[in-house]
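S.K.: What follows is the residue order along each chain.
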Amino acid sequence: MKGSSVLSENILTGLSIVISFILMFLVVRLVLSQQSERTYKNLFESIARDIVLIIDREASMTGSEKSEYRIPEGIHLNEIRIDYKSVFVTYEEGTIRKFFSGVLNSGPYTFNDPRVLCFVKSDQVIRISPLECDNVNIN
Amino acid sequence: MKGQTGYIMKPMMLIAVIILLIFLLQTLYSGVAKERLAQKNLDIVSTGTNVLLILANSEDCLAYESSVTQKAQGIILDIQKLDEFDVYNDNMEPECARNYEFGWRVDVEQIGQGGAIENNWDFGAKEFSDGVALNNEIRLWIPVAIKYPEGHHNCPEGCTELGKMSIKLVNGELENLAGFFDWGCRMGQLGRMSSFSTELKISQPVKYKPTQNELCIGRSCRSLICHLLYFDEGLTSEGTYELTVNYQGPNKLLVGK
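Heads up: the sequence lines are chains A and B, in that order.
Using the working numbering, the first residue of the first sequence is number 1, and each one after it goes up by one.
Using the working numbering, the first residue of the second sequence is number 1, and each one after it goes up by one.
Simulated from the structure, these hints should not be mistaken for laboratory data.
Predicted model, so just to flag it, every value in this text is computed and none were measured.
Among these hints, one or two may not hold up.
Stated by the list, open to error - To give an idea of the chain A side of the interface with chain B (calculated C-beta under 10 Å), a few residues:
hint, residue
1, ARG29
2, SER36
3, TYR40
4, GLU45
5, SER60
6, ARG70
7, SER101
8, ARG115
9, ARG127
Stated by the list, open to error - Listed below are the simulated PhoX-like cross-link pairs for lysine-lysine, each with C-alpha atoms no more than 25 Å apart in a straight line:
hint, chain 1, residue 1, chain 2, residue 2
10, A, LYS41, B, LYS201
11, B, LYS209, B, LYS34
12, B, LYS252, B, LYS168
13, A, LYS41, B, LYS252
14, A, LYS66, B, LYS252
15, B, LYS71, B, LYS207
16, B, LYS201, B, LYS164
17, B, LYS126, B, LYS34
18, B, LYS126, B, LYS201
19, A, LYS41, B, LYS126
20, B, LYS209, B, LYS252
21, B, LYS252, B, LYS34
Unchecked claim - Label pairs and their calculated CB-CB ranges:
hint, chain 1, residue 1, chain 2, residue 2, range
22, A, ASP123, B, SER197, 46 to 52 Å
23, A, THR110, B, SER197, 33 to 39 Å
24, B, LEU42, A, SER8, 32 to 38 Å
25, B, GLU199, A, LEU23, 29 to 35 Å
26, A, LEU15, B, TYR29, 42 to 48 Å
27, A, LEU32, B, GLU233, 22 to 28 Å
28, A, VAL28, B, MET12, 44 to 50 Å
29, A, LEU23, B, ASP232, 50 to 56 Å
30, B, ALA38, A, THR13, 31 to 37 Å
31, A, THR13, B, ASP130, 45 to 51 Å
32, A, ASP123, B, GLN80, 19 to 25 Å
33, B, THR27, A, THR110, 38 to 44 Å
Cβ coordinates follow ideal geometry from the N, Cα and C atoms, glycine included.
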C-alpha cells in the first residue's frame with residue numbers, strides 16, 4: 001500500500017465538480033442579490049424622482065393646476081416627507097432624498113404609506129394631499 | 001494519447017469557465033453603469049428644463065404679471081425683475097429656482113432686428129466643479145419675450161422684445177457640498193429641522209475661506225448662505241465623508257465630520 005494515493009482520480013474529479021458548483025452558486029447568488037437590492041432601491045428613487053418632476057412641473061405652470069400621482073401597486077412605503085425644496089422617501093432599508101427647484105409656499109407635508117397624492121397649484125401655492133384629485137378642490 | 005488530451009483539456013475548460021464568468025459579470029455591471037448614466041442624464045436634462053420654465057413662468061421668479069388680469073404671462077419676462085436678478089444674484093442662484101443638487105448660471109439676451117444682441121443679463125453661480133470633481137453638465141436654452149412697461153427708459157411707450165434664455169447647469173462635488181450646507185442653513189432659518197447628515201464623496205481637498213464665506217474645490221469656489229463653524233481646515237484629503245450640520249441661528253452652521 002506504500003506509495004498508493006489516498007484520493008483516487010475519480011474522487012478528485014468529483015470534488016472539483018462539487019467545488020465548482022458551489023463557487024458558481026455563490027457567485028450567481030451574490031450577483032443576483034446585488035441586482036435585486038439595486039432594483040429595490042431604484043424603485044423608491046423613481047418614486048422620489050416622479051414627485052420631484054410633478055412639483056417642478058406644477059411650479060413652472062402659470063395659473064392653476066392639479067396633478068395626481070398614484071404609488072405603484074404592491075409597494076410599501078414607510079413615509080413620504082415633502083419639505084423645503086426636498087423630498088424624502090423612507091422605506092424599510094433606508095431613506096432616499098431628492099431636491100426640486102420650485103417653491104411650494106406651503107408645507108411641510110408627511111404622509112405615512114400613502115397610496116395616492118394630489119398636487120394642486122393655485123395662487124402660487126402648491127398644496128399636497130393624500131387623496132384622489134377628484135376629491136380635492138382647486139381653491 | 002487519451003491521458004495527454006485530458007491533461008490539456010481540463011485546464012483549458014477551467015480557463016474557459018473563468019472567462020465566461022468574467023464576461024457575464026462584466027456584462028451585468030456595464031448594464032448597471034449604463035442605467036446609472038441614463039438616470040443622471042435624465043435628472044440633469046429634466047432639472048435644466050424645469051429651472052428654465054420656472055424662471056420664465058413663475059411670478060416668484062421672472063414672469064411678467066399683467067396688471068389687468070393679475071396673472072403671470074407664460075414665457076414673458078419682466079424687465080424690472082431681470083434687472084433685480086442681474087444685480088442681486090450675481091454669484092448665487094435666486095432662491096425661487098435653486099436646486100440644491102445642481103449649480104447653474106443663466107444668461108438672458110435681448111435679440112434685436114437682424115439677430116444682433118441688444119441687451120443682456122446674467123445671474124446665478126459664477127464658478128462650478130471641474131476636472132475630477134465634475135459629474136455632469138448641460139447647456140439648454142428657450143426663446144422668451146421681454147416686457148418693458150410704459151415709461152421705461154429703453155422703450156418709453158412700452159414694448160415686448162424677443163429674447164433667448166440660456167442655462168449652464170452643473171452637478172459636481174462643489175455643488176453637492178455647498179448645496180448641502182445651504183439647504184441645511186435654509187431649513188434652519190425656516191425652523192423646519194436643525195440637524196442634518198449626509199455622506200459625500202470628495203476626490204480633491206476642500207478649502208473653506210471664512211472671511212469670504214466661500215467653499216473651494218480645486219480652482220472653483222462658491223459663496224455660502226451660512227457661515228461654517230469648526231470647518232476652517234476644510235476636508236484635507238479625498239475620500240467619503242459623513243458630514244453632520246447643526247443650525248445655530250441666525251446664520252451659522254456647526255459642522256461635524
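S.K.: Give a verdict on every hint.
M.R.: So, going through the hints one by one against the coordinates:
| no. | hint | in the structure |
| --- | --- | --- |
| 1 | ARG29 | violated, 13 Å |
| 2 | SER36 | violated, 12 Å |
| 3 | TYR40 | violated, 14 Å |
| 4 | GLU45 | holds, 8 Å |
| 5 | SER60 | holds, 4 Å |
| 6 | ARG70 | violated, 20 Å |
| 7 | SER101 | holds, 4 Å |
| 8 | ARG115 | violated, 25 Å |
| 9 | ARG127 | violated, 16 Å |
| 10 | LYS41/A / LYS201/B | holds, 19 Å |
| 11 | LYS209/B / LYS34/B | violated, 38 Å |
| 12 | LYS252/B / LYS168/B | violated, 30 Å |
| 13 | LYS41/A / LYS252/B | violated, 34 Å |
| 14 | LYS66/A / LYS252/B | violated, 38 Å |
| 15 | LYS71/B / LYS207/B | violated, 45 Å |
| 16 | LYS201/B / LYS164/B | violated, 36 Å |
| 17 | LYS126/B / LYS34/B | violated, 31 Å |
| 18 | LYS126/B / LYS201/B | holds, 23 Å |
| 19 | LYS41/A / LYS126/B | violated, 35 Å |
| 20 | LYS209/B / LYS252/B | holds, 14 Å |
| 21 | LYS252/B / LYS34/B | violated, 40 Å |
| 22 | ASP123/A / SER197/B: 46 to 52 Å | violated, 36 Å |
| 23 | THR110/A / SER197/B: 33 to 39 Å | violated, 19 Å |
| 24 | LEU42/B / SER8/A: 32 to 38 Å | violated, 60 Å |
| 25 | GLU199/B / LEU23/A: 29 to 35 Å | holds, 33 Å |
| 26 | LEU15/A / TYR29/B: 42 to 48 Å | violated, 31 Å |
| 27 | LEU32/A / GLU233/B: 22 to 28 Å | violated, 44 Å |
| 28 | VAL28/A / MET12/B: 44 to 50 Å | violated, 23 Å |
| 29 | LEU23/A / ASP232/B: 50 to 56 Å | holds, 52 Å |
| 30 | ALA38/B / THR13/A: 31 to 37 Å | violated, 46 Å |
| 31 | THR13/A / ASP130/B: 45 to 51 Å | violated, 58 Å |
| 32 | ASP123/A / GLN80/B: 19 to 25 Å | holds, 21 Å |
| 33 | THR27/B / THR110/A: 38 to 44 Å | holds, 42 Å |
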